[in-house]
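Engineer: Given next are the chains, with one letter for each unit.
Number of protein chains: 2
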Amino acid sequence: MVKAIIFDLDGTLINEDQIDRGLVYVYKTNTNTFKGITQNKFIDANTKAFDSLLKMYKSRKILLSQFGILIWYKTVKILNLPETPIVVNKLYRSLQKFIISRTIPLDGAVEVLSFIKKSGYKVGILSNGLFEERINKIKKTKLSKFIDVLVTTDIVGFDKPNKKPFKFILDILNVKPDEAIFIGNSLTEDIYGAKNAKIKAFWYSKLKEGEVDCRIYDLVELIPIIRNMSNKLYGN
Amino acid sequence: MVKAIIFDLDGTLINEDQIDRGLVYVYKTNTNTFKGITQNKFIDANTKAFDSLLKMYKSRKILLSQFGILIWYKTVKILNLPETPIVVNKLYRSLQKFIISRTIPLDGAVEVLSFIKKSGYKVGILSNGLFEERINKIKKTKLSKFIDVLVTTDIVGFDKPNKKPFKFILDILNVKPDEAIFIGNSLTEDIYGAKNAKIKAFWYSKLKEGEVDCRIYDLVELIPIIRNMSNKLYGN
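These protein sequences, in sequence, are chains E and Y.
Numbered by my numbering, the letters in the first sequence go through residues 50 to 285 in order.
Numbered by my numbering, the letters in the second sequence go through residues 50 to 285 in order.
No lab work stands behind these hints, which were simulated from the structure alone.
Just so it is clear, the structure is predicted and the values come from calculations on it, not from any experiment.
Backbone N, C-alpha and C fix where the C-beta goes; we use that ideal spot for every residue, glycine too.
Among the hints, a few may not be true.
As the list claims (entries may be wrong) - Facing chain E, from chain Y, some residues (calculated, C-beta under 10 Å):
hint, residue
1, Q88
2, L112
3, Y122
4, T133
5, I149
6, I174
7, R183
8, D203
9, L222
10, V224
11, E228
What the hints assert, rightly or not - Here are the simulated lysine-lysine pairs, DSSO-like style, with alpha carbons at most 27 Å apart:
hint, chain 1, residue 1, chain 2, residue 2
12, Y, K139, E, K191
13, Y, K97, E, K110
14, Y, K90, E, K212
15, E, K107, E, K77
16, E, K213, Y, K97
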């Protein structure tokens with residue numbers, strides 16, 4: 050009997066970060082910090098920093114949630130700017146501000162979450178990221194009224210697809226693996242991760258490739274699936 | 050040749066968190082959330098939550114930096130309140146606001162940091178905690194102008210006394226272990242941690258107990274020590 054529906058956040062319920070345009074915003078709103086450095090040189094440095102962090106992430110040396118601050122330490126280092134925590138924090142917050150201002154719910158997200166809540170299920174969000182960043186996005190998109198629990202990397206200490214974040218949110222939601230379903234857009238993090246934790250998962254993807262048991266192309270496809278679960282439950 | 054001086058933050062350069070008084074503040078400024086719950090019942094729940102996290106921390110199941118949000122998930126669970134991320138975040142931010150408003154530099158901190166900067170050394174801060182929390186404390190106490198680098202648990206993924214956070218800050222400061230000295234008030238986290246990373250450490254403690262090579266009872270004792278290092282360096 051399913052009691053809780055758990056979603057990934059970025060790319061599943063809300064649009065993904067628009068880092069490219071965000072970098073232009075960071076450059077233009079921090080001209081004092083970047084004196085004598087062109088926009089292209091700045092973006093090159095940030096791309097180099099990102100690539101080196103991605104390499105560390107792929108070899109499991111760092112977590113995804115560490116990117117946020119680290120990328121600025123690396124960027125200012127490459128640019129030979131002072132790496133003071135105030136500068137690092139200012140650039141970090143500047144990009145965050147841009148990203149949050151541009152964050153919107155994806156098509157169907159409000160409709161589906163509203164239906165799920167009305168049907169009496171608990172709703173969880175499990176995100177590889179920082180709690181403060183994610184809660185700000187949830188507030189901005191007004192999705193908070195539908196959400197019972199938010200679990201992020203910084204409060205678990207592990208990223209999806211490790212099964213620990215999944216076990217963690219099940220524990221807070223007080224449900225067993227077979228009492229939850231998971232919906233996410235990342236085959237590796239979400240679908241394989243949920244499988245690691247023995248949670249039934251739906252892959253939300255516009256792609257045609259990828260071998261998965263359950264797939265949805267549109268979030269609203271969840272509505273008849275969940276209605277069907279509820280009907281079976283109450284014998285209607 | 051020493052090039053960088055690295056400090057712990059809480060209890061070394063600034064006063065430690067005043068959680069007890071902070072909890073009273075959280076209770077009194079969030080009466081709507083705690084409807085029907087007495088202050089004592091709330092504080093009992095928070096203490097229970099803290100004790101259970103401490104047990105997890107001691108058995109290395111969680112990092113110290115995870116306490117901040119987790120304690121509120123556990124507290125509202127014990128009190129049977131809705132564990133929504135908005136409530137959890139509101140209580141977390143409320144305690145943070147109190148703590149930061151009460152944060153002041155410890156005796157001698159400004160004098161010592163100012164002397165170190167004037168003497169041409171780099172200054173690092175290595176703290177078991179979250180970057181955002183720590184940078185806010187550093188801003189509040191106006192210590193930021195003395196500090197070159199801040200490294201926290203969330204950007205390393207490991208707590209002191211693990212040697213990884215120490216290696217991490219040496220790397221950002223671009224110095225070798227024997228080119229740094231470390232000052233901290235925790236024998237376990239700071240002194241044993243620095244020793245793990247082969248960094249010479251001074252234990253800042255008012256206690257008389259504890260077996261350590263180097264100890265200071267007062268931060269200003271660092272001034273002649275550092276002056277002496279500089280004199281040797283320049284052959285004065």
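Engineer: Next step is simple, just say for each hint if it's right about the structure.
Structural biologist: Checked hints:
no.: 1; hint: Q88; result: 25 Å, violated
no.: 2; hint: L112; result: 6 Å, holds
no.: 3; hint: Y122; result: 6 Å, holds
no.: 4; hint: T133; result: 6 Å, holds
no.: 5; hint: I149; result: 14 Å, violated
no.: 6; hint: I174; result: 8 Å, holds
no.: 7; hint: R183; result: 8 Å, holds
no.: 8; hint: D203; result: 6 Å, holds
no.: 9; hint: L222; result: 9 Å, holds
no.: 10; hint: V224; result: 13 Å, violated
no.: 11; hint: E228; result: 17 Å, violated
no.: 12; hint: K139(Y) x K191(E); result: 16 Å, holds
no.: 13; hint: K97(Y) x K110(E); result: 34 Å, violated
no.: 14; hint: K90(Y) x K212(E); result: 34 Å, violated
no.: 15; hint: K107(E) x K77(E); result: 31 Å, violated
no.: 16; hint: K213(E) x K97(Y); result: 23 Å, holds
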